[in-house]
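Participant: Two chains, two frames, a set of hints: combine them into the complex.
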Amino acid sequence: DVKVTQSSRYLVKRTGEKVFLECVQDMDHENMFWYRQDPGLGLRLIYFSYDVKMKEKGDIPEGYSVSREKKERFSLILESASTNQTSMYLCASSLLTDTQYFGPGTRLTVL
Amino acid sequence: TQLLEQSPQFLSIQEGENLTVYCNSSSVFSSLQWYRQEPGEGPVLLVTVVTGGEVKKLKRLTFQFGDARKDSSLHITAAQPGDTGLYLCAVNSGGSNYKLTFGKGTLLTVNP
Chain A
108 DVKVTQSSRY
118 LVKRTGEKVF
128 LECVQDMDHE
138 NMFWYRQDPG
148 LGLRLIYFSY
158 DVKMKEKGDI
168 PEGYSVSREK
178 KERFSLILES
188 ASTNQTSMYL
198 CASSLLTDTQ
208 YFGPGTRLTV
218 L
Chain B
4 TQLLEQSPQF
14 LSIQEGENLT
24 VYCNSSSVFS
34 SLQWYRQEPG
44 EGPVLLVTVV
54 TGGEVKKLKR
64 LTFQFGDARK
74 DSSLHITAAQ
84 PGDTGLYLCA
94 VNSGGSNYKL
104 TFGKGTLLTV
114 NP
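Here the protein sequences line up with chains A and B, keeping their order.
Just so you know, we're using this note's numbering here: the first sequence kicks off at 108 and counts up by one.
Just so you know, we're using this note's numbering here: the second sequence kicks off at 4 and counts up by one.
Just chain B, with the same shape it has in the complex (with noise of 0.2 Å):
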């Protein structure tokens, strides 16, 4: 089982199209990452939330963390073709070497 669902896995669309995508689990965590990857390059965070309930902006992206801790979403508002990419959420594993486990990420992808 895995420990962070990411929905849907692939999402095509058009540019300034608005769209939401899912980080669930079943465990409770205190606190959660979300990295985009674009093509051919490593991940780097966008934002990490801590406090259930918490809503972050980082321009056109707005970020939630569940009221439980337990899950997570990202919104993109008016998405353009530089958003194109795999957005990853993450959390700390457990222990105190700061390991991530990682969902297998949604696909964005937005066409012109």
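So that you can see chain A by itself, here it is in the shape it has in the complex (with noise of 0.2 Å):
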């Protein structure tokens, strides 16, 4: 079975924090994303990558960068963590099909 891992299930930091959210894959699968989850608003793609040192913007990378200097993390940097910023983390991976394996989800506070 495909796991995709989180560093952390809950997370409270201070607004202007620099955050970092990990993810790891244990299927040699190219790509990974990373998306946030709000009541309303839906899953929102905010980076993805496919393959090692490279990525590309989704649609609300705003606020966010990203790093994946191994094949099998990703992860996703806020800054200076912002208010507007709490949310639900989710990162997913898959090999080169639509079939997506999501993590558990960071749920972050910020304060």
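It is worth saying that the hints were derived from the structure and are not from the lab.
Errors might be hidden in some of the hints.
Computed footprint of chain B on chain A, listed as stretches where at least three residues anywhere in the stretch have a Cβ under 8 Å from a Cβ of chain B [as the list claims (entries may be wrong)]: (1) 143-156; (2) 204-210.
With a Cα cut of at most 20 Å, we get these calculated SDA-like pairs of lysine to any residue [unchecked claim]: (3) A:K110 <-> B:R39; (4) A:K160 <-> A:G147; (5) B:K62 <-> B:E18; (6) A:K110 <-> A:V159; (7) A:K110 <-> B:V47; (8) A:K125 <-> A:T206; (9) B:K62 <-> B:V47; (10) A:K164 <-> A:S194; (11) A:K125 <-> A:K110; (12) A:K164 <-> B:N95; (13) B:K107 <-> A:K160; (14) B:K59 <-> B:G97; (15) B:K62 <-> B:S96; (16) B:K107 <-> A:D145; (17) B:K107 <-> A:R121; (18) A:K110 <-> B:L48; (19) B:K107 <-> A:K125; (20) A:K110 <-> B:G43; (21) A:K164 <-> B:S96; (22) B:K60 <-> A:T206; (23) A:K162 <-> B:G97.
Note that CB positions come from ideal geometry on N, CA and C, so glycine has one too.
Facilitator: Below is the structure:
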């Protein structure tokens, strides 16, 4: 079974802090994705990566950056956290197909 | 304009009832996926439909892809509390990088 793990299930940070969300997959998938999920807005793509060191902006990249130094790991970085970045963050991975495998999510609260 | 419109947005039913949720669009798709997200977890793929008019069954869940490949429905027979969750439809956004666009989902609650 594919396993996608995220570093924290719950995280509380203060405004202005730098925040790192880590995601690791164990199935040698090329593609990895970061989404945020908000009530009434659904799943929105922040960034995705289709290879090591390769990344593309999704629909809402502002305020975020990403890093993919190794194939199995994809990090989402909030350079200076703000209260409007309070959300559920979901990481996913996929092989060269449409099927995405999701991690359990990190619920981030920015105070 | 949302690419995928899901309805209803919320649905609360009693155990044993039947229900249908919908995923509609004005665009044509080569395939469409349904995911279920249980409370506190990430979405999990239920099914992919590819052919217009296709019907797929997964135990008590029946998925149909519209003849014109613009819409899909999910029917649950004799719903159980374990069916509670957010049901999301998704399509490939286009391009070669396998990005998906998701509908906003139907939040289903099945009461014992």
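Participant: How does the segment 204-210 of chain A fare against chain B when you require at least three residues with a CB closer than 8 Å, holds or violated?
Facilitator: Three-residue rule met by the segment 204-210 of chain A, so holds; n is 7.
Participant: Hey, K110 (chain A) versus L48 (chain B), does the alpha-carbon distance stay inside 20 Å?
Facilitator: holds (14 Å)
Participant: So if I understand the rule, the pair passes when the alpha-carbon distance is 20 Å or less; does K110 (chain A) with V159 (chain A) pass?
Facilitator: The given pair, whose Cα atoms are some 19 Å apart, holds under the 20 Å limit.
Participant: Under the criterion that the straight-line Cα-Cα distance not exceed 20 Å, is the pair K107 (chain B), K160 (chain A) satisfied?
Facilitator: violated (31 Å)
Participant: CA of K160 (chain A) to CA of G147 (chain A), is that 20 Å or under?
Facilitator: With Cα atoms ~33 Å apart, K160 (chain A) and G147 (chain A) exceed 20 Å; violated.
Participant: Verify the proposed pairing of K110 (chain A) with R39 (chain B), using a straight-line Cα cut of 20 Å.
Facilitator: holds (17 Å)
Participant: So if I understand the rule, the pair passes when the alpha-carbon distance is 20 Å or less; does K107 (chain B) with K125 (chain A) pass?
Facilitator: Since the Cα atoms of K107 (chain B) and K125 (chain A) sit roughly 29 Å apart, the hinted pair is violated (cutoff 20 Å).
Participant: Would you check the hint for K60 (chain B) and T206 (chain A), treating anything up to 20 Å between C-alpha atoms as holding?
Facilitator: OK: K60 (chain B) and T206 (chain A) at ~18 Å, within 20 Å.
Participant: Against the 20 Å threshold, does the CA-CA distance of K162 (chain A) and G97 (chain B) hold or violate the hint?
Facilitator: Answer holds: K162 (chain A) to G97 (chain B) is near 17 Å, not above 20 Å.
Participant: Is K164 (chain A) close enough to S194 (chain A), meaning Cα to Cα at most 20 Å?
Facilitator: The given pair, whose Cα atoms are some 19 Å apart, holds under the 20 Å limit.
Participant: Next pair to validate is K110 (chain A) with G43 (chain B); report whether the Cα-Cα distance is within 20 Å.
Facilitator: Holds, at roughly 16 Å.
Participant: Would the pair K125 (chain A) and K110 (chain A) pass a check requiring their Cα atoms to be no farther apart than 20 Å?
Facilitator: violated (27 Å)
In summary, the structure is inconsistent with hints 4, 8, 11, 13, 14, 15, 17 and 19 from the numbered list given earlier, while agreeing with the others.
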